[in-house]
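Chains A and B are the protein sequences, given in the same order.
Position one of the first sequence corresponds to residue 1 (this note's numbering), numbered consecutively onward.
Position one of the second sequence corresponds to residue 1 (this note's numbering), numbered consecutively onward.
I should point out that these hints are in silico values taken from the structure, not numbers from a laboratory.
Owing to the predicted nature of the structure, the values given are computational and were not obtained by experimental measurement.
Errors might be hidden in some of the hints.
[Stated by the list, open to error] Chain B side only, calculated, beta carbon under 7 Å to chain A, not exhaustive:
#: 1; residue: M31
#: 2; residue: F33
#: 3; residue: P39
#: 4; residue: S42
#: 5; residue: L45
#: 6; residue: Y57
#: 7; residue: I90
#: 8; residue: E98
#: 9; residue: T100
#: 10; residue: A102
#: 11; residue: Q106
#: 12; residue: R109
#: 13; residue: L110
[Claimed, not checked] List of simulated lysine to any residue pairs, SDA-like, C-alpha gap at most 20 Å:
#: 14; chain 1: A; residue 1: K38; chain 2: B; residue 2: Q38
#: 15; chain 1: B; residue 1: K7; chain 2: B; residue 2: N72
#: 16; chain 1: A; residue 1: K112; chain 2: A; residue 2: A1
#: 17; chain 1: A; residue 1: K38; chain 2: B; residue 2: T44
#: 18; chain 1: A; residue 1: K105; chain 2: B; residue 2: S88
#: 19; chain 1: A; residue 1: K70; chain 2: B; residue 2: T17
Glycine included, every Cβ here is placed at the ideal spot set by N, Cα and C.
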Amino acid sequence: AQKVTQAQTEISVVEKEDVTLDCVYETRDTTYYLFWYKQPPSGELVFLIRRNSFDEQNEISGRYSWNFQKSTSSFNFTITASQVVDSAVYFCALKRSQGNLIFGKGTKLSVKP
Amino acid sequence: SAVISQKPSRDICQRGTSLTIQCQVDSQVTMMFWYRQQPGQSLTLIATANQGSEATYESGFVIDKFPISRPNLTFSTLTVSNMSPEDSSIYLCSVDRERTEAFFGQGTRLTVV
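Excised from the complex, chain A in its bound form (with noise of 0.2 Å):
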């Protein structure tokens, strides 16, 4: 079975905390792909990362960076001196075979100033 797990349900940090979203997943695939999304208050689905299962190279974007480790099949999403702009709710998702994605519940962020 297929299944993805962000154990985390709420996080709360002040502004400039580092903080991190914890995602572990279940797959038999050799092959396949991780993805993190953010969803503001809006709705809309913003799209951060996408990673394939031979790249397990550590990535960073500005103040984000991804953690990827095969051994423990997690995919952990990183925030460096966080900001009130990034409160929304965080969605970890693999990808299957058949092309559809399978997500967390997700992880609520809320920065506070």
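Given the coordinates of chain A, work out where chain B should sit on it, guided by the hints.
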């Protein structure tokens, strides 16, 4: 990237009526997906729509309630039929152009009263 135009962006509907949501893509795609996101929940796949064939529905979703059309490679519609307040959700279409990506429309926020 693929540009997806989804409309309406939001609607308030009376129970017992039906709403058709449209999804237009700026390029030809083989597979289109429809998701539902109930309030405070994650995204759940409703069905996969391939051009020229019947849509494939996930467990818990039926064609009579969520009929889907896919007349060509750039367009699809999802109808929410005989609506009840439990159908109040965000509905999103998604495309998979190269089987490694996942692009989403802006979403349709439906409220049934």
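Taking the hints in turn, this is what the structure says about them:
1. Interface hint at B/M31: satisfied, since its Cβ lies 5 Å from the closest Cβ of chain A, which is below the 7 Å cut-off.
2. Hint status for B/F33 relative to chain A: holds, with the closest Cβ pair at about 5 Å, below 7 Å.
3. With a least beta-carbon distance of about 11 Å to chain A, the hint placing B/P39 at the interface is violated under the 7 Å criterion.
4. The beta carbon of B/S42 is positioned within 7 Å of a beta carbon in chain A (closest approach about 5 Å), and the interface hint is therefore held.
5. The closest approach between the C-beta of B/L45 and any C-beta of chain A is roughly 5 Å, which is under the 7 Å cut-off, so the hint is satisfied.
6. At a threshold of 7 Å, the smallest CB-CB gap from B/Y57 to chain A is about 12 Å, leaving the interface hint violated.
7. With a cut of 7 Å, the hint placing B/I90 at the interface with chain A holds, because the nearest CB-to-CB distance is about 5 Å.
8. Taking 7 Å as the C-beta cut-off, the interface hint given for B/E98 is violated, the closest approach to chain A being about 10 Å.
9. Evaluation of the B/T100 hint against chain A yields a held restraint, the C-beta minimum of about 6 Å falling below 7 Å.
10. Satisfaction of the interface hint for B/A102 is found here, the shortest Cβ-Cβ separation to chain A being roughly 5 Å, below the 7 Å cut-off.
11. A hinted interface residue such as B/Q106 counts as satisfied when its beta carbon comes closer than 7 Å to some beta carbon of chain A; here the least separation is about 5 Å, so the hint holds.
12. Hint on B/R109 holds. Least Cβ distance to chain A is approximately 6 Å, under the 7 Å limit.
13. With 7 Å as the threshold, the beta carbon of B/L110 stays out of range of chain A, its nearest partner Cβ sitting at about 11 Å, so the hint is violated.
14. A distance of roughly 17 Å separates the Cα atoms of A/K38 and B/Q38; the hinted pair therefore holds under the 20 Å criterion.
15. Among the hinted pairs, B/K7 with B/N72 is consistent with the structure: their alpha-carbon atoms are about 17 Å apart, no more than 20 Å.
16. With a C-alpha separation of about 38 Å, the suggested pairing of A/K112 with A/A1 is violated against the 20 Å cut-off.
17. A C-alpha spacing of about 16 Å is found between A/K38 and B/T44, which places the hinted pair at or below 20 Å, so the restraint holds.
18. Restraint check for A/K105 and B/S88: the C-alpha separation of about 18 Å stays at or below 20 Å, so the hint holds.
19. Note on A/K70 and B/T17: the hinted pairing is violated, with a Cα-Cα distance of about 48 Å set against a maximum of 20 Å.
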